[in-house]
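Chains as they are written, first to last, in our numbering: chain F, 310 to 547; chain X, 101 to 506.
No wet-lab data here; the hints were simulated from the structure. One or more hints might be untrue.
Claimed, not checked - Sample of chain X residues at the chain F side, in silico, Cβ under 10 Å: (1) Thr115; (2) Ala421; (3) Gly427; (4) Arg498.
What the hints assert, rightly or not - List of simulated lysine to any residue pairs, SDA-like, C-alpha gap at most 20 Å: (5) Lys414/X / Arg409/F; (6) Lys318/X / Thr214/X; (7) Lys391/F / Arg426/X; (8) Lys391/F / Ser212/X; (9) Lys391/F / Thr425/X; (10) Lys391/F / Asp469/X; (11) Lys414/X / Met410/F; (12) Lys150/X / Asp335/X; (13) Lys414/X / Leu389/F.
Stated by the list, open to error - Restraint ranges, calculated between C-beta atoms of paired labels, are given here: (14) Ala492/X / Glu341/F: 39 to 45 Å; (15) Ile454/X / Leu384/F: 54 to 60 Å; (16) Glu105/X / Glu327/F: 31 to 37 Å.
Here the structure is a predicted model, which means the values were calculated and not measured. Here a beta-carbon is modelled for each residue, glycine too, at the ideal position from N, C-alpha and C.
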Amino acid sequence: MSLVLELDAIEQVYGSGEAAVHALRGIDLAVEAGDYVAIMGPSGSGKSTLMNLLGCLDIASHGTYSLAGHNVASLTENELAKVRNEEIGFIFQSFNLIARMSALANVELPLIYGRVARGERRTRALAALDSVGLAARSGHEPQELSGGQQQRVAIARALVTNPTLILADEPTGNLDNESTDDILGLFDTLAAEGKTIVIITHEDHVAARAHRVITVSDGLIVGDRVNARPAAAQAVLA
Amino acid sequence: MSVFEILVSAFRGVTANKLRSILTLLGVMIGVASVILLLAVGNGSAQEVKNAISSLGANTITVRASGMGGGGGGEESTAASTEKVITTAVSDQLASAGLGHVASVVPQVSTSLTVSSTSVSSDSVSIIGTTPGYFDVGTTGVGTGEAFTAADVTTSSKVAVIGQTLATTLFPTGSALGEPVTIDGTPFTVVGVLENQSSTGATDANSVVIAPITRIQKSFTGFGAVSTLSIEATDSESVDAAEGEIEIMLNQLLGQTADDESYSISNQSSLLETQEESADSFTVLLGVVAAISLLVGGIGVTNVMLVSVTERTKEIGIRKALGATRGAILGQFLAEAATLTLLGGALGVIAALIGANYEIYGTQPVVLDYSIPLALGVSVAIGVFFGVYPAARAAAMRPIQALRAI
Chain F
310 MSLVLELDAI
320 EQVYGSGEAA
330 VHALRGIDLA
340 VEAGDYVAIM
350 GPSGSGKSTL
360 MNLLGCLDIA
370 SHGTYSLAGH
380 NVASLTENEL
390 AKVRNEEIGF
400 IFQSFNLIAR
410 MSALANVELP
420 LIYGRVARGE
430 RRTRALAALD
440 SVGLAARSGH
450 EPQELSGGQQ
460 QRVAIARALV
470 TNPTLILADE
480 PTGNLDNEST
490 DDILGLFDTL
500 AAEGKTIVII
510 THEDHVAARA
520 HRVITVSDGL
530 IVGDRVNARP
540 AAAQAVLA
Chain X
101 MSVFEILVSA
111 FRGVTANKLR
121 SILTLLGVMI
131 GVASVILLLA
141 VGNGSAQEVK
151 NAISSLGANT
161 ITVRASGMGG
171 GGGGEESTAA
181 STEKVITTAV
191 SDQLASAGLG
201 HVASVVPQVS
211 TSLTVSSTSV
221 SSDSVSIIGT
231 TPGYFDVGTT
241 GVGTGEAFTA
251 ADVTTSSKVA
261 VIGQTLATTL
271 FPTGSALGEP
281 VTIDGTPFTV
291 VGVLENQSST
301 GATDANSVVI
311 APITRIQKSF
321 TGFGAVSTLS
331 IEATDSESVD
341 AAEGEIEIML
351 NQLLGQTADD
361 ESYSISNQSS
371 LLETQEESAD
381 SFTVLLGVVA
391 AISLLVGGIG
401 VTNVMLVSVT
411 ERTKEIGIRK
421 ALGATRGAIL
431 GQFLAEAATL
441 TLLGGALGVI
451 AALIGANYEI
461 YGTQPVVLDY
471 SIPLALGVSV
481 AIGVFFGVYP
491 AARAAAMRPI
501 QALRAI
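Bound-form chain X, shown alone (with noise of 0.2 Å):
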């Protein structure tokens, strides 16, 4: 008998009872469908994080100054805490170091103001004044048009970098390229459009205006504290050292030690390897639990399979008088569950597919490769473990009781 024989004789015998087999089949459907699933759920999740991680980038070191209103020193205005302040000599200095794993410091200053073109104007947007490397660093790359130049910082020029959203709130018509805005009433001019970026957090990462830190500072937030150093690394490897660097020549810039420290310096990519982890154990957690049902839908098949031998008594023992060894009778039970399994799971995987297409509690399901092949080569084993007892129970049937059921 051949395999195609075999499955045709096992579909037949599936075939017998339909609504049972659908049944089971359900059973067994949801279980590799949920697998399927829930598995790509939790690596849409992971797979966020990581994408996060990315347009972060891996390389970057954060140095954000400690107990900095948005406006500046405030309060503490005295001879020893003015010192402790990062100003961007304080950021040339760091650069220029010749620190061993750093790449480029970057220094931002960050605002929050309207900015108007002609017709609209835009409440609160992200204002960052910052140097031409800022494009560099991480993932913040122009679109279309050109980042400002280092001789626009030195001259402190009147250009903007801004972010796709804000360029169709201001300009719904046409390109924002070359066209004039206004922030908080000063004119700037359009030069570039960056790129769609990746919201990581609550502020939309597309609205936001970039200039020349020079211009930011001397229109708006005065030549005191930057807010931000963007550290890049020169590799991902090098990131810790590369801090450790920083915290070490920093703190003799601002002469201060190690406990009291005037800033917090992080590793993003550290942060947020933490998190990729929390998502992958998510991603263990829900497989178990869709396993859970695979396995539940595994009992649904010995059940049915028990119920079929019994149904079948006279059948096996026909077979047997026939000439049916007790290993062609446990095979054919066995094909008739691995059957039933498989066409539950190849229904479970299409299932599975096609809800993967929908957003699942704001995360794009991405269904895992080996995914697919695993949850069908365990649901036919399912089948076969399964099917594997009440097969069993057929075989071991003797011809004369077998013959002499109703």
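Isolated chain F (complex conformation) (with noise of 0.2 Å):
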């Protein structure tokens, strides 16, 4: 199987002399396409530093990062937003879609920043938002949806481009427990169509759905097994 991410050696130390803090002290990882994989640990560890390197949205201070074959730290700032629009598709704990747009709206704008022709931008994003079930809110705004909805509206806007690598950061976090339930199953449904996703969390049961399950303490990867009957599987078997 081919890699998605590649990383090697990475550190991340932000300030300077005394006062330096070493977010991350030397992670090697490998994902290979079509992986689930949960990254725990408890806040602290690094692991949202980590979240924020594996999506481009810093550079770690030492190290390698190469992501569908781009190498992250010699990307020029319009380069790394070009991949973070085409290789990556953020989901965020608080679902951050942008108020006072609709729900189709929200979905479109990646495809906006990737100049996509708006004919082609309506008919990949109401796809997007039939895949999550949510066709029929397509015109509703953010502050008109439950909390479920707006995280499907932002899985929508996150597979609306068909980017290499789903990353999401605790995306049940603000969720009632039907709600994430619901999230999970979509998670599981990607996974089955062989998306590459990586869920950063916090949570056990979260983390029992993904294929491969990473820990990171203090800066450093202490666990990485792989789950040989992850949660959904277990649930069909039931």
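Two chains, two frames, some hints: make the complex.
In structure tokens:
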């Protein structure tokens, strides 16, 4: 299988001198296409820093990170924006939909930045909303949708560019149990379709759905195990 | 993203906080409206001066006898002084002297008398005795009826052309043409009514009687000096040359030197050109004052855009995470600032056009054609100029920091 992303001796240092904070202290990680990876760790472990690096929102102080064949450190600001646009689909804990814009307009946004023509944009955005079961709500604005629905719109937005990597940061952190099951079910479906998913979480039941669980602590990877029987599969078996 | 979509999205951004946008918009609107309106007021007053010039006739030179009282020579009745008086004979000599730049010479005598019809009388009406050439010099044309003729002057006919105001005063019910009027007891027949004249001074140019000079002299003023000579130059370029010729010729005819001239010669257009220049500088001054208010409006735009950028830091972070480049964010906020000022500018234009229908301090504003696109263009430019700093701040934000904002 081809590698979607590869981290080699990644270090992230904030500040300098005695005040320097070593958020990451040498991370080696490779994720293959079609993998469903959960990154776990307590707060302060460096998993958010890792998420920012994986999402090309930040550049590592040391080490190399390649995403879909791009050496991220060598990219200019605009090239980074292009990588974020084309290769990554973000899903955030707080949904991060833009207020006063319809669900459809929110989903269209990455396509606008990707310079997709208007007609095609509309078609693809509607298809993405349909795939998360919200086609009927395309005209609603975020504040008119429930938390679960908002996160579905955010997932549609992440999917619409058909990215190489879906990067989710505590996607169920702001949701009730029912919506959480709903969203995790959606991730299972995406994984089954062969999408590459990296999900950052501190909740065991979320991580239990992933195929591979990586544990980060104090800026280092301390655990990397394969989930032989992911929770979703168990549910199906039971 | 098409221009239309950028504008739609910018419009949405502007309407997100209506009250704030409206207040900012108001600043720009007032600025734009005052630029257009004050320029229009300045232009209007300049226009009035120009109209005054054309109504006087740009080619006209006026010679006025100086030291002349209303009735005549007064105490200066020595032989020397009578020689120096401009009479109709002097006027005829001037006209037939073959001066290169002079087209015609029209003598005038004037007085002020009571004029009455059979039913109504009007006091202190300006009475001008002149020759038919009067109607060709300047813009005093006959509206209805006819002017009197050279034959009327030769025969001292009791005919008169009267102004419109006087015509309606004396003959409120019907036409004045062919009707008899009496001027200080002498009967005249109205043969014509003047076109409407624009009044340039305190007197009403439409309340006037114009009659053959010989008749007025015979009946009222006597055959002494004329009060005024109106001289028409061959064209507006020759006014100064004609003025020089007239002055030399008159001094010869009157036997005097340039130092002891018994008359004053003036060229109305040069006087009014000065007035026009001052009206123009008045326009510039008003424009500058208005431009300052537009500038203040522009600063308001910067302020509101800075607040907007601060408020929408998170949105900027999200957009950047979704792949917005620095240029895209810059463009978005610039488009919003420009939309804000364009809307304000458009409303300002409307307000100015409405305001221009009303007289302001006695001046009818005349909107300058170029001032509308200018003010609109400037308002958009101000939006872009004053929006650049906030937009650049938004565009320069690092995505992780922007995302971290609440």
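**Request:** Hint by hint, work out which the structure violates, then give me just those numbers in ascending order.
**Result:** Per hint list: 8, 10 and 16 violated.
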